[in-house]
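On the provided structure of chain A, position chains B and C as indicated by the hints.
Chains as they are written, first to last, in our numbering: chain A, 1 to 210; chain B, 211 to 457; chain C, 458 to 958.
The set of hints was computed from the structure by calculation and includes no laboratory data. From a predicted model like this one, the values you see are computed outputs, not experimental measurements. Glycine included, each C-beta is placed from N, C-alpha and C at the ideal position. There's no promise every hint is true.
Claimed, not checked - Computed footprint of chain B on chain C, listed as stretches where at least three residues anywhere in the stretch have a Cβ under 8 Å from a Cβ of chain B:
(1) 720-729
(2) 787-797
What the hints assert, rightly or not - Covered stretches of chain B, as calculated for chain C (at least 3 residues, CB under 8 Å):
(3) 265-277
(4) 387-396
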Amino acid sequence: MKNPLLTAIAMAVGIVVLAGYFLAVDMLLTLRAILIEWATILVAVALIAGVINLFAVHWRKVTRGSAGGASGSTQIYSLVLVTGLSATLIVGGWLGPTHPYALWIFNNIQLPVETSLMAILAVVLVYAGARLIQRRLNLLTVVFLLTAVVVLLVSGPLFGFDLPGLAELRAWIGRVPAAAGARGVILGVALGIVTTGLRLLAGVDRPYEG
Amino acid sequence: MNLESLLGLALVAAAMVLILGYVAAVRKWEPRALRAIQTFQSLQRAIGLAVEAGNRLHLSLGRGNFLSSQAGVGFAGLSTLDLIARSTSISDKPPISSAGEAALSILAQDTQRGAAHDLGGEFDPARAQLTGVTPFSYAAGAAALLGEDEVGASLLVGSLGSEVALIIEAGERAGSPALGGTDNLSGQAVLYASAHNPLIGEETFASGAYLGAGRLHHASLFAQDVLRWAVILAILAGAILKVAGVL
Amino acid sequence: MDDLACPMCGKANPLDAEVCAHCQARLTPLFAPDSDEQRTGEDEARLATPDDFFPAVEPETYPDLTIELPAPSSDESVLPQEAADEAARGPADLPQWLNWISEASRPDSGKPEQASTASWLEEMRPPYDQTPTRPADSRLERPEAAGPLAGLRGVLSARPEAIRSRKTVVYSDQLKVTANQRAHADLLKELLETEGVPQPAPPRKTIRSEYFLRWGILLVLLLVLLWPALTGVRRAPLPVYQEEAAELNRLVDQLPEKAPVLIGFDYDPGLSAEVEAAAATVIDHLMLRGAYLTLVSTSPTGPLLAERFMRITQAGHSYASGINYVNLGYVPGGSVGLLNFVGSPQRSLPYTLDGTPAWETAGQDGLPPLKGVAAIEDFAMILVLVADPDTARAWVEQLQARLGRLQTLTSLVMVTSAQVEPMILPYYYANPRQVHGIVAGLRGGAAYARLTGRPGQPGRFWDAYGSGLLVSALAILAGGLVSVLLPLIMRPAPGEGEVGG
Numbered sequence: 001m002k003n004p005l006l007t008a009i010a011m012a013v014g015i016v017v018l019a020g021y022f023l024a025v026d027m028l029l030t031l032r033a034i035l036i037e038w039a040t041i042l043v044a045v046a047l048i049a050g051v052i053n054l055f056a057v058h059w060r061k062v063t064r065g066s067a068g069g070a071s072g073s074t075q076i077y078s079l080v081l082v083t084g085l086s087a088t089l090i091v092g093g094w095l096g097p098t099h100p101y102a103l104w105i106f107n108n109i110q111l112p113v114e115t116s117l118m119a120i121l122a123v124v125l126v127y128a129g130a131r132l133i134q135r136r137l138n139l140l141t142v143v144f145l146l147t148a149v150v151v152l153l154v155s156g157p158l159f160g161f162d163l164p165g166l167a168e169l170r171a172w173i174g175r176v177p178a179a180a181g182a183r184g185v186i187l188g189v190a191l192g193i194v195t196t197g198l199r200l201l202a203g204v205d206r207p208y209e210g
Numbered sequence: 211m212n213l214e215s216l217l218g219l220a221l222v223a224a225a226m227v228l229i230l231g232y233v234a235a236v237r238k239w240e241p242r243a244l245r246a247i248q249t250f251q252s253l254q255r256a257i258g259l260a261v262e263a264g265n266r267l268h269l270s271l272g273r274g275n276f277l278s279s280q281a282g283v284g285f286a287g288l289s290t291l292d293l294i295a296r297s298t299s300i301s302d303k304p305p306i307s308s309a310g311e312a313a314l315s316i317l318a319q320d321t322q323r324g325a326a327h328d329l330g331g332e333f334d335p336a337r338a339q340l341t342g343v344t345p346f347s348y349a350a351g352a353a354a355l356l357g358e359d360e361v362g363a364s365l366l367v368g369s370l371g372s373e374v375a376l377i378i379e380a381g382e383r384a385g386s387p388a389l390g391g392t393d394n395l396s397g398q399a400v401l402y403a404s405a406h407n408p409l410i411g412e413e414t415f416a417s418g419a420y421l422g423a424g425r426l427h428h429a430s431l432f433a434q435d436v437l438r439w440a441v442i443l444a445i446l447a448g449a450i451l452k453v454a455g456v457l
Numbered sequence: 458m459d460d461l462a463c464p465m466c467g468k469a470n471p472l473d474a475e476v477c478a479h480c481q482a483r484l485t486p487l488f489a490p491d492s493d494e495q496r497t498g499e500d501e502a503r504l505a506t507p508d509d510f511f512p513a514v515e516p517e518t519y520p521d522l523t524i525e526l527p528a529p530s531s532d533e534s535v536l537p538q539e540a541a542d543e544a545a546r547g548p549a550d551l552p553q554w555l556n557w558i559s560e561a562s563r564p565d566s567g568k569p570e571q572a573s574t575a576s577w578l579e580e581m582r583p584p585y586d587q588t589p590t591r592p593a594d595s596r597l598e599r600p601e602a603a604g605p606l607a608g609l610r611g612v613l614s615a616r617p618e619a620i621r622s623r624k625t626v627v628y629s630d631q632l633k634v635t636a637n638q639r640a641h642a643d644l645l646k647e648l649l650e651t652e653g654v655p656q657p658a659p660p661r662k663t664i665r666s667e668y669f670l671r672w673g674i675l676l677v678l679l680l681v682l683l684w685p686a687l688t689g690v691r692r693a694p695l696p697v698y699q700e701e702a703a704e705l706n707r708l709v710d711q712l713p714e715k716a717p718v719l720i721g722f723d724y725d726p727g728l729s730a731e732v733e734a735a736a737a738t739v740i741d742h743l744m745l746r747g748a749y750l751t752l753v754s755t756s757p758t759g760p761l762l763a764e765r766f767m768r769i770t771q772a773g774h775s776y777a778s779g780i781n782y783v784n785l786g787y788v789p790g791g792s793v794g795l796l797n798f799v800g801s802p803q804r805s806l807p808y809t810l811d812g813t814p815a816w817e818t819a820g821q822d823g824l825p826p827l828k829g830v831a832a833i834e835d836f837a838m839i840l841v842l843v844a845d846p847d848t849a850r851a852w853v854e855q856l857q858a859r860l861g862r863l864q865t866l867t868s869l870v871m872v873t874s875a876q877v878e879p880m881i882l883p884y885y886y887a888n889p890r891q892v893h894g895i896v897a898g899l900r901g902g903a904a905y906a907r908l909t910g911r912p913g914q915p916g917r918f919w920d921a922y923g924s925g926l927l928v929s930a931l932a933i934l935a936g937g938l939v940s941v942l943l944p945l946i947m948r949p950a951p952g953e954g955e956v957g958g
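Bound-form chain A, shown alone (with noise of 0.2 Å):
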């Protein structure tokens, strides 16, 4: 159901965004700054449209349970998270973000998980790296194993002791070896990107059209 006016509204937006960056021209520099504008305001709209969908989503699973092809378990969860989203909406939305029980819903149900999270994050990474000749066994990956070592030994106090030498190899690996290939990859990821804009541009990928 390709729509060409939709199309060609995405285009002439995308090509007068990027014309206003080139080109210093008043009409493009205040037409450009209007339509970010736009972007801004309907992308924070979107957010409210995203937890809405999140919202009917689990509410549906809890309502219809198996037969929405939910199971007991995933319909609990469903039922906390329902719970917990409209409490927060509640207290948050009525009493303001920076209300003692806002910040109390924060401080110890949000940032506690998301930090637990981060703690597993941890011990998976470890042993991912821990498994990872056995899966993908080449020079490369051997590489990747002995950089992540020698840069966690080197980043904290070695046995209780700093040794010399250690802090400028690890400033050594994170100024030359590690910044050059991370810069490698973001300049063919922002290669990458150019090209998949100009595809948006020219009207080949629509996304926007359902």
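Then chains B and C, alone, in the frame of chain A:
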């Protein structure tokens, strides 16, 4: 217009010229063969298995903000989602997608709705979900999807940070292998260590060409290759000139 | 005395008996026999055979039943025998045009002449083109010699031994199948029955080594991380500072009192532990200098993290919201929103998080931290707390677009997670410098704490941090070595397991 703006405009113009030139040239010659990438071969196999075994594919679009440079990889993920949705249309279990950004989830719904409509199927909005607005809540929500929805394989194409390890771990527990790529440096390192088949760097943006999206995707790949070599030569030239004392 | 055996029951009877005394069957024929064939008493006793009743007929005198019988006459009184006799005498007075019938019916009329065929056609006749002849069945061709059908060919013999009665064969209605066929049929039946029944997939068994390895890593990490906190032992000295951290320290030291500083809280709750531990000493230093702080975030959870940071980690400074610091809240739109804020902060965020007008305008004074601030370059320092490389890069790029053009004195400094450091260092070493100071990770925060002489949070966590890093590195190294060496150790010796080996 300063030098930076001029260079930027020249880069964009060069990319456009290369893309159009490739499209025009391909009419006379056959499109070039693409380098074999294990991830896309595994993806093709995963799509076939999903159709035969009655499983579904899960596509994670990441949490890239649409008003930043992360939008590029987000659009690459949407393009991949469209191709996969059409490829698995004959399956009774269409793919599901998860996103960590609201605009991305809305566009994912639009993409899947369009694919379902074009192929005469029905679309369920629950197939494209916003699973969380922070990275870890998004990862936790996506991991929960893997466990409950008979997912055969997970494809991760988007802006994903180190939290992607949690999604991959959940997939391993559920028996669904993970493959994909991201533009985030931390995410790439984690993908390399955890995923079965990672995509490094700009390989993520080649998904359209490898999945048969069309001539223009091949043209984009060609433009990327040419521009990459141009940048390499420019860096080398600048380094030589710097060492020589010219710059 | 010779007896006469009855042809029916076989019992003996006197020679002169006419009927059998046992079964009343006739023992003598009803017709008078020929004088030559008259039976005398000297005839030997013998079984009466059907020949005794029916005269033997010589083969040459067999009646020719092929003679055409005459058409039935209208006179129905004509007996079939008379018609047969008449037919035997041959037709009489047939019209001339029907003479061919009589000629054809005559026994000696001969067979029709065979038509002659051309020689070439004769040569084409296939060798197998011969009228198949039925092999002569000697039994059928031999005329019957006894019984009422004596003299006829192709009849069933009347002799008792010719027909052997046997018991009727009873055919079973059960299908005869072999054991193998039965097994195949059962299998097919089972397949058809189970086709529509979904078979539950067997639960995937978790590999035991995976399970124990995960739990082992978790328990060891917990132990080494909690040990310093439980025992209170602090042995490791704080690290030496890096150049970029020292530069940041110098810039903060150079700030005048009540200098307006913009702080961007752009990290996620999951990474708050590391970033807050690193940033605590820097913001502590800022507060010691009496700086006015303006808090902003491009992350939805940023404002709440900022409030929490100010109330918990900096509780010792008595900084009050609206007086010493102001929280402007969330800037939506990512990089674009940041660009908007950088271009016009008053227009982008006119109110604080709790709805109070923040900026100085014609009609109002504005809050103390924002007095004299109209644009982004009016801030003395911009400090960004960030845990994501892309977010860090976005701040640098959007700010540099404005600050670099105006060549202001506003310095941009960052407190980042350790994973961001490789991305941001090139901006520090660039010429002109785009990031003027960096504190990266807990190590950077600990080094900064050593500079300021106020250990704070980094000092508390430094020992545990070091132990955790060491255990992680050893676990990865051990896992790699085991993965490489175990297959070599477990590989069977050459020749083991081979046939004949």
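Earlier hints that do not hold, by number: none
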